[in-house]
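> Residue numbers (the numbering used here), protein chains in the order written: chain A, 1 to 185; chain B, 186 to 370.
Keep in mind that the hints were calculated from the coordinates and are not lab data. All the given hints hold, so there is nothing to weed out.
With a straight-line cut-off of 30 Å between C-alpha atoms, the simulated DSBU-like cross-links for lysine-lysine are:
(1) A:Lys51 - B:Lys348
(2) B:Lys236 - A:Lys163
(3) B:Lys288 - B:Lys236
(4) A:Lys51 - A:Lys159
(5) B:Lys344 - B:Lys236
(6) A:Lys51 - A:Lys103
(7) A:Lys159 - B:Lys348
(8) B:Lys344 - A:Lys159
(9) B:Lys344 - A:Lys51
(10) A:Lys159 - B:Lys236
(11) B:Lys344 - A:Lys163
(12) B:Lys348 - A:Lys163
There are 2 protein chains.
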Amino acid sequence: MAQRKPAHEQDAVASFVEDWNRERPELDTAPLEVFARLHRVFLRYQSQISKPMEGHGISMAGFDVLTALRRAGAPYSRTAGELARSGLISSAGVTLRIDRLEKDGLIVRERDPEDRRVVHSRLSEQGIEQIDALFNEHLENERRMLAGMTPAECRQLAKLLGKLERSVAAAQEADEEEGEETAGE
Amino acid sequence: MAQRKPAHEQDAVASFVEDWNRERPELDTAPLEVFARLHRVFLRYQSQISKPMEGHGISMAGFDVLTALRRAGAPYSRTAGELARSGLISSAGVTLRIDRLEKDGLIVRERDPEDRRVVHSRLSEQGIEQIDALFNEHLENERRMLAGMTPAECRQLAKLLGKLERSVAAAQEADEEEGEETAGE
DNA sequence: CAGGGAACGCTCAGGGCTAAGATTTCCACA
DNA sequence: TGTGGAAATCTTAGCCCTGAGCGTTCCCTG
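With the hints as extra help, turn the sequences into a complete structure.
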């Protein structure tokens with residue numbers, strides 16, 4: 001009943017896998033070793049990364065937009081569609097993010113005169129200052145989160161995560177094509 | 186039909202790093218190689234993993250609770266606090282998750298007769314059936330997402346993610362201790 | 001054996017995201 | 001040149017999460 005937590009705190013995912021092997025031994029739980037760990041480390045990362053941002057009154061969602069604009073270089077402007085693709089979120093999500101940032105005076109919306117469907121979001125002066133100050137803190141914070149890893153491990157992990165992203169994206173696209181095929185039957 | 190992502194489209198995170206080197210060359214962006222990739226692959230994973238669950242009318246949040254209870258073994262029961270820690274979420278979040286699952290008839294709340302502060306959440310018969318059926322699909326889906334990786338790469342990645350979780354957790358705990366020290370001044 | 005602190009779960013206010021569909025604008029082509 | 005489809009953005013409805021704080025219950029201590 002009580003959870004075992006020996007002095008050197010066993011990996012939580014290893015316990016999960018043990019549990020499943022006991023409860024449903026016929027299942028091959030190998031994928032959990034990757035994805036359950038991915039999930040847990042992301043949740044921890046997310047909550048840790050939010051701390052310096054909250055100090056500046058900026059959310060992770062807002063930070064994502066501000067960095068995308070800052071990265072773009074002068075005049076620090078992108079369309080809503082570009083922001084959706086770069087942040088891997090829906091177009092509705094972009095609208096909401098931009099609403100909030102515009103209300104805070106960090107960005108301005110500008111309708112494209114050539115193609116009036118398009119809206120450009122541009123960093124305000126205040127937005128540039130905020131993100132330039134915050135990004136240093138952000139990197140410093142991330143460095144502290146990597147303190148337990150060697151540089152070689154970081155490089156190896158980065159490489160494998162890149163490969164995993166491609167693998168997950170491939171499965172996603174395979175699903176979408178299958179959906180299109182069966183849609184016309 | 187041509188692929189949507191032609192060969193010349195390089196890794197999105199590599200482009201980010203290039204952008205930062207151009208815009209703010211004084212910054213050491215090495216941590217992004219790990220965390221930006223972690224963030225992106227998690228977002229893709231999250232949206233892909235939701236597909237089979239939606240078919241059963243279950244959210245990722247609900248799935249997390251149901252698996253935690255199923256893993257626990259008979260009588261498939263845990264306290265709210267245990268669920269919060271195992272899912273890395275707040276106690277308020279647990280209350281909401283349980284509210285929804287109870288309304289759907291997948292779990293039942295039972296107040297502990299020995300310690301009346303404690304509430305146990307237990308899988309209903311229907312809950313057990315649902316999660317047993319869904320978990321197979323879930324693992325199959327995860328396996329498809331790993332199709333682009335070799336087993337050796339998966340093991341290596343799992344190991345490094347485990348190490349990263351410990352490293353991130355250490356940074357988190359360091360922050361909390363610092364907060365406690367300065368709180369009493 | 002009475003207080004008071006600690007532990008547990010819940011409530012509330014404030015954000016955040018998505019899917020589906022509406023609206024506006026562009027553009028290719030008959 | 002008129003029209004239908006496609007594209008870009010916004011709106012709506014619904015669900016999910018957190019931090020702060022509340023009420024209840026337990027239990028240690030004096």
